[in-house]
Structures are given as C-alpha cells and as structure tokens.
Amino acid sequence: KAGVTQTPRYLIKTRGQQVTLSCSPISGHRSVSWYQQTPGQGLQFLFEYFSETQRNKGNFPGRFSGRQFSNSRSEMNVSTLELGDSALYLCASRYGQGGYEQYFGPGTRLTVT
Amino acid sequence: AQSVTQPDIHITVSEGASLELRCNYSYGATPYLFWYVQSPGQGLQLLLKYFSGDTLVQGIKGFEAEFKRSQSSFNLRKPSVHWSDAAEYFCAVASTGTASKLTFGTGTRLQVTL
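Chains as they are written, first to last, in this note's numbering: chain A, 17 to 129; chain B, 1357 to 1470.
A couple of the hints might just be wrong.
Claimed, not checked - Quick list of in silico lysine to any residue cross-link-like pairs, SDA-like style, CA-CA up to 25 Å:
| hint | chain 1 | residue 1 | chain 2 | residue 2 |
| --- | --- | --- | --- | --- |
| 1 | B | Lys1405 | B | Ala1385 |
| 2 | A | Lys29 | A | Val128 |
| 3 | A | Lys29 | A | Arg83 |
| 4 | A | Lys73 | A | Gly44 |
| 5 | A | Lys73 | B | Leu1402 |
| 6 | B | Lys1405 | A | Gly58 |
| 7 | A | Lys73 | B | Ala1357 |
| 8 | B | Lys1417 | A | Pro122 |
| 9 | A | Lys73 | B | Thr1462 |
| 10 | B | Lys1424 | A | Gly114 |
Derived from the structure by calculation, the hints contain no laboratory data.
Chain B on its own, in the form it takes in the complex (with noise of 0.2 Å):
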C-alpha cells in the first residue's frame, strides 16, 4: 500500500529565509509524486509535479522539489520565503493505473515570522 510521511507538523520560518519541507513516500513502482499548498478556508493548489526524468522539478511560487529514490523522499525547497507563503503543504503520491488515487501526508503547517 502506498503511503506518504510528513514527519514536521509546524514549521516557523523568518521572511526571507530558506525552506525546505520533508516528504517520504511508500510505493511499490515508479511513484508520481505532488506537492500542494492549501490556504485557510480554501481547497488545495498544485505546486508541482513530478512524474519521470530530471529530478528537480520547479513549481509555481518560486518553489522547487528533488526526488531521491534511493531515499524515498521528494522534499520541497524555496529560496526566500514570504509572509504570503503561509498555509499548509501537502505532498501526495498517485496511484497508477485506470483509476488512480492520491494518498497525502498529513500535511506541515508553514508559519512566516515577519
């Protein structure tokens, strides 16, 4: 069965710092894998996608996520972080097939400290 770990509830970042958000995965083939953001009140945005090939892959916002197989881990990064990035990040992996699922983490909650 396929899983996905977020091992970091809250995060507290400084505007303008680095930030680099954890995600392991479980699956038994080539995994797809996301990472979205969620916005109090609001439903989920895609940020990025990774599917196959280069194994850094950037997203909308300014943000980027490398995929490590030999670590199970597709961690997602940005360089500077502003005060709008604050919201809930979640990262996903699919099942593949004719139907197809995602199964999240539970997701880390990004607080930005001005």
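Just chain A, with the same shape it has in the complex (with noise of 0.2 Å):
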C-alpha cells in the first residue's frame, strides 16, 4: 500500500507571496492532519481533516488555513508568508475512526526569504 505523499517537496517563496502544499493519504485513510516543524518550536499541530471538514485546529494564526477533498486528498495555504512561516511541513493520515496512529509523509521543505 502507497504511503502519506506530498507535493512539493522544496518550495521557497519570498514574503508576502502565498503557498499551497499538498497532501494524499494513504488510501483508505479518511482523516489527514498536518503539522509544522521547526527548529525552535519543534512540532506543532495545525490542523484536522475527516470527511471535508475540520475537526481540530492548533494555535496558529488565520493565514493558516486548510481543506479536503471528497477523496480525502487535503491541501494547506499560507498567505501573506513571513520568514517565520519557514519550516518542514508535514502531512499525516489515519483511518479518522477510532484508529489513532497516524502516518507521515516525507514533508515539504518550505523556505521564506
């Protein structure tokens, strides 16, 4: 079975721009969160997906924002970036229904300047 994929895997992008990354679940797998990771912060929850809705969110401003589709395929936006937004973003999924374990995938290296 394929795992957690995402697209892309290296991004840069200057301030102020905005970024969409992607994220397919391993099939079968209903719910797919996403997370950041950073060298100071370490990683932090940001959002929840089932079913094309968002179950949880994490501390993170509005410019955060994410959606799923009807095929559990989810993608996240960053708008207005700033040099902090720079981080190893990364996708996991889970079946959604009691299954608690979640699988990564390789993440997306995203870079501000």
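With the hints as a guide, bring both chains together as one complex.
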C-alpha cells in the first residue's frame, strides 16, 4: 500500500506571497492532519480534517488554512508568508474512526526569503 | 492539557551498546503513546505504539518500549544499536475522541559511534 505523499518536496517563496501544499493520504484513510516542524518550536499541530470537515485546529494564525477533498486528499495554504513560516510541513493520515496512529509523509520544506 | 517530555536532547552510544531513550507524558485519561523516528530531511516513521494491554510493546527495527503508568513513562529501548539507528527520536501522545492530534516531545538526537 502506498504511503502518504506530499508535493512539492521543496519550495522557496518570498515574504508576502502565498503557498499551497498538497497531501495524498494512504488509501482508505479518511483523516489528514498537518504539522509544522521548526528547530525552535519543534513539532506543532496545525489542523485535522476528516470527511472534508475541519475537526481540530492548533494555535496558528488565520493565515494558515486547509481543506480536504472528497477523495481525502488535502491541501494547506499559507497566505502573506513571513520569514518565520520557514519550516518542514508534515502531513499525516489515519483511518479516522478510532484509530489514533498517524502515518507521515516525507514533508514539504518551505523556505521564505 | 497533554504534554510529553523527553529529558535527553542528545545521546551518544557506541555501536553494539544498548540504548534507552526516556519519555514522560501527561494525559488525563488512558494514553495512546507512540515513538517515531526521523532521519535528516525525512518525515516521521512510526516505530511502535501503545494503546492498552501488555505494557511491553515491540516495534520495528528491533525496538521495544515499556509503558509504566505509575511513572507516567514510555521509554524506548534497543538491546544492540546499529550505526543506521542514528536519527532523531520523538515520543508522542494522542488525544482521543472524534478529533485527535499528536503532541510531541522535543526529540532526542541519537549519535552512534563506531
């Protein structure tokens, strides 16, 4: 079974721009979560989607948003990029009904200049 | 609120030596606990999980972890470390219910000397 895939793997953007990251979960998984990883803050939860609905949200500004499609694929968007948004963005999927283990993709490395 | 503490930021062991990485958690209910490993520039790979039952759980790559409720600990062990085990290791606890999220510790970087 194919794992979680994320595109693109690397991205360089300029302050003020916006960016969209994509995630395809493991087949059959209906829940997708996003995490931000930085050297200073570690791994932080952004949000979780299940059946196209956001079920949980972390403590991030409204510039961070996401959505999920009917095929469970998910995108996250960051608007008005700031230097501090430079991070590894990880997507994880799980079944969503009682199963709590999450499987991670390789991440998207975003650099904001 | 749930939290995870990994007291060791960096550990160095010799190849062939045993390994124990410490993890302490705080969670109000029965915890769902995980260990993940991350190689440089990569995502997180699930090593093992604890939900209930036997407090000693086996994972991939020869790792095991022991859940001790009285100590709120979930330490990761390996009897004999290989050079390829050098990576960063994260302990995590999952919130349960309709919505779930993982709360991670700050990670322990493992260096293996030959």
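Original post:
Straight-line Cα separation of Lys73(A) and Thr1462(B) no greater than 25 Å?
Top reply: Roughly 20 Å between the alpha carbons, so the hint for Lys73(A) and Thr1462(B) holds.
Original post:
Under the criterion that the straight-line Cα-Cα distance not exceed 25 Å, is the pair Lys1405(B), Gly58(A) satisfied?
Top reply: holds, 21 Å
Subject >> 25 Å Cα cutoff - pair Lys73(A), Gly44(A) >> reply: holds, 23 Å
Subject >> Hint consistency between Lys73(A) and Leu1402(B) [alpha-carbon to alpha-carbon, up to 25 Å] >> reply: The given pair, whose Cα atoms are some 23 Å apart, holds under the 25 Å limit.
Original post:
Can the restraint linking Lys1405(B) and Ala1385(B) be considered satisfied, given a maximum Cα separation of 25 Å?
Top reply: With Cα atoms ~16 Å apart, Lys1405(B) and Ala1385(B) stay inside 25 Å; holds.
**OP:** Below or equal to 25 Å on CA atoms is what counts here, so check Lys1417(B) against Pro122(A).
**Re:** holds, 19 Å
Subject >> Pair hint outcome, Lys29(A) versus Arg83(A) [Cα-Cα no greater than 25 Å] >> reply: holds, 21 Å
Original post:
Does the structure keep Lys29(A) and Val128(A) at a Cα separation of 25 Å or less?
Top reply: Distance ~5 Å between Lys29(A) and Val128(A) Cα, so the pair holds.
Original post:
Between Lys1424(B) and Gly114(A), does the CA-CA distance stay at or below 25 Å?
Top reply: OK: Lys1424(B) and Gly114(A) at ~23 Å, within 25 Å.
**OP:** For the pair supplied as a hint, Lys73(A) and Ala1357(B), confirm whether the alpha-carbon distance does not exceed 25 Å.
**Re:** Satisfied, since the Cα-Cα distance of roughly 15 Å is no more than 25 Å.
In summary, the structure agrees with every hint in the numbered list given earlier.
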